[in-house]
Amino acid sequence: FPCVRRPLRQWVLRITAYAEELLSGLDDLDWPESTKEMQRNWIGRSEGAEIDFQITGTAGDSIRVFTTRPDTLFGATYMVLAPEHPLVGALTSDAEKDIVQTYQQEAARKTDFERAELRKDKTGVFTGGYAVNPASGERIPVWVADYVLASYGTGAIMAVPGQDQRDWDFAKTYDLPIIRTVQPPEEFDGDAFLGDGLVVNSGFLNGLQVTEAKARIIAWLETEGHGTAKINYKLHDWLFSRQRYWGEPLPVIFVDGKPQILPDDALPVELPELDEFKPSGSPEGPLAAAVEWLETSDPESGQPARRETHTMPQWAGSCWYYLRYLDPDNDTQLVAQDQARYWLPVDLYIGGAEHAVLHLLYARFWHKVLYDAGIVPTPEPFRKLVHQGMILGELEYTRYLDSEGKPVSAEHVRSGEDLRSGQELRSQTVDSEAVTKLGDHFVLVDDETVRVDARAHKMSKSRGNVVNPDEVVATYGADAFRLYEMFMGPLEQVKPWNTRGVEGTHRFLNRVWRLLTATTGGGLNESVQDSPPSSEQLHCLHQTIAKVTEDIENLRFNTAIAALMEFSNAAAKWPVLPRDVVEPFVLLLAPLAPHIAEELWERLGHEQSLAYAAWPEFDAELLKTETIQIPVQVDGKIRGRIEIPADATEDFILKLAREDANVSRYLQGKQVIRAIYVQGRIVNFVTGK
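Following the working numbering, the numbering of the sequence shown begins with 117 at its first residue and continues without gaps.
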């Protein structure tokens, strides 16, 4: 069947009324800059002018265009309308009617993307009509072309081929006049000139720079009544109709063909039961078949009425779900004011970057409408936004073989060919057991001179690399699974899955369990005692509290886990584990591995859940160390390490460094030209050799 576009009455939400607020609000949000930039580009604010071109032979009809370059008006040598523009019929002469209608039908079969494709040849047809350039007074032809979209601007453009490449290409194809309005530099040998420069061929604008010419021509247009300054947006009003069954019915009825909103006591409108949900080919959708539901009466006047058959999209719920979480049992309000004031805005919102210009933009718009209605107390819904990285499948290893079956190292391969000989190579999947990591690369275990390609791919059933979390939990436990997901790397980073990594976090949790619990009897390990901690233990504990607290607050879960691992390694060497050290450690572990932490907390004798315990706080005084170890270099090479008091003077440190047995051996017989000490970091002796 042919696929064509057709006009359809639908409901839209006026998101364009909030375009400026949606733009300016981004400046105050703690969001990834890339996401904010995507929203700015999606909204697409552009400054320019709307200009009216009088249609010749009519009493007062005109074509209105929006342009960001009103300074080029004198160079407008023709006009182009979108095939759907409402003036096409009135402008088309009898002689051109058939060809224009045929062209419109062809355009209706194309998507906006196909029509706007920059690389394709531009097509169009002359309407037979003309308009008057208000600046030059010249009569210019009006064409119809599908590269102009009815959905952007006014659906019409003034074509300035001298300053726009698409207009240039079109003008060359159809032999239309070209007038440059900005003087290109002498070395310019291209087609349309898109840069700045002095204005030419433009009457009273000649000799001005482009910026000044824009201001001058807009003032002239407004004075003469031919146009006005205008801010335009790429953002369109939000199409909110769906021609399908599943969706919230719109609370609208039609009385004598006129729409009206149902009163509150007639809500909610519920979907009727239907046996058939498939599209019928009618624009009305499946609900049109529910005749008993469709035909109703106006609850206020009693007049016969017909329900709206379109339904709402999924956005009708997903744009504000976070608000309902605050007050889910409230039957009279979306959310109570005291709850909204206490909780909003959302402190931290974690979601994929794929939602940047859909859910995240729509939710901001929805929230701003509710703010203006006095329902929520903040203009923005989400204060801080973080995009989690995708977890890919396990690394897949590929080696390459030449025609003789000999391996070729991956650094010599591009697109399956040997870069040295041009020979086409055969690829072969290699088991992970046959590969080892050497530096930044993976190599064959049997021949470390041969690198292999290591790539991770998005998990998919077709590729067979999907990891079932239920199976991982069944084997290693939920804590080991979630701990590994957080330990894989930074939250925002894309990371490959590695089952051996789960084995690692599983071993860590087992070590913690053995460290603190008795092997039999369900009690504590005998090393856990009610004894005062040593200064070393207090220093190690408070260092860990400070590190884990800061890392969790900054969503650096991987380094927080690393700090807990370091602590457990140190604690394993202590013959006695004071309760005052063990309990804070368990509390630090709890957000990351809650199940084992809760079990340990109970074994420590607590009847209440650790969720009721206060988060540990570090003592800054206990973070200080009495001594530190620093490396000593001779001519840039490390030749020894010395342990020094944390408050030692530079002279004392340099003397101690010279006297170190290994360092003094490398200084023997040499003259020290310069001794450099970087406080708390390093000593370097520069010699005359």
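Derived from the structure by calculation, the hints contain no laboratory data.
Treat the hints with care, as some may be off.
Unchecked claim - Computed Cβ-Cβ distance ranges for the label pairs, DEER-style:
#	residue 1	residue 2	range
1	SER150	GLN724	26 to 34 Å
2	PRO495	GLU666	48 to 56 Å
3	GLN325	ASP228	52 to 60 Å
4	GLU136	ILE792	19 to 27 Å
As the list claims (entries may be wrong) - Derived EDC-like pairs: lysine to aspartate or glutamate, alpha-carbon spacing no greater than 16 Å straight-line:
#	residue 1	residue 2
5	LYS553	ASP586
6	LYS500	ASP463
7	LYS152	GLU166
8	LYS740	ASP763
9	LYS238	GLU303
10	LYS350	GLU512
11	LYS786	ASP763
12	LYS350	GLU510
13	LYS374	GLU408
14	LYS213	GLU200
15	LYS288	GLU303
16	LYS522	ASP563
17	LYS152	ASP168
18	LYS611	GLU512
Note that beta-carbon positions come from the ideal geometry of N, C-alpha and C, so glycine has one too.
Margin query: Of all the hints numbered above, which does this structure not satisfy? Sort the numbers upward.
Written below: Checked against the structure, the hints that fail are numbers 1, 2, 3, 4, 5, 7, 9, 10, 11, 12, 13, 15 and 17, while the rest are satisfied.
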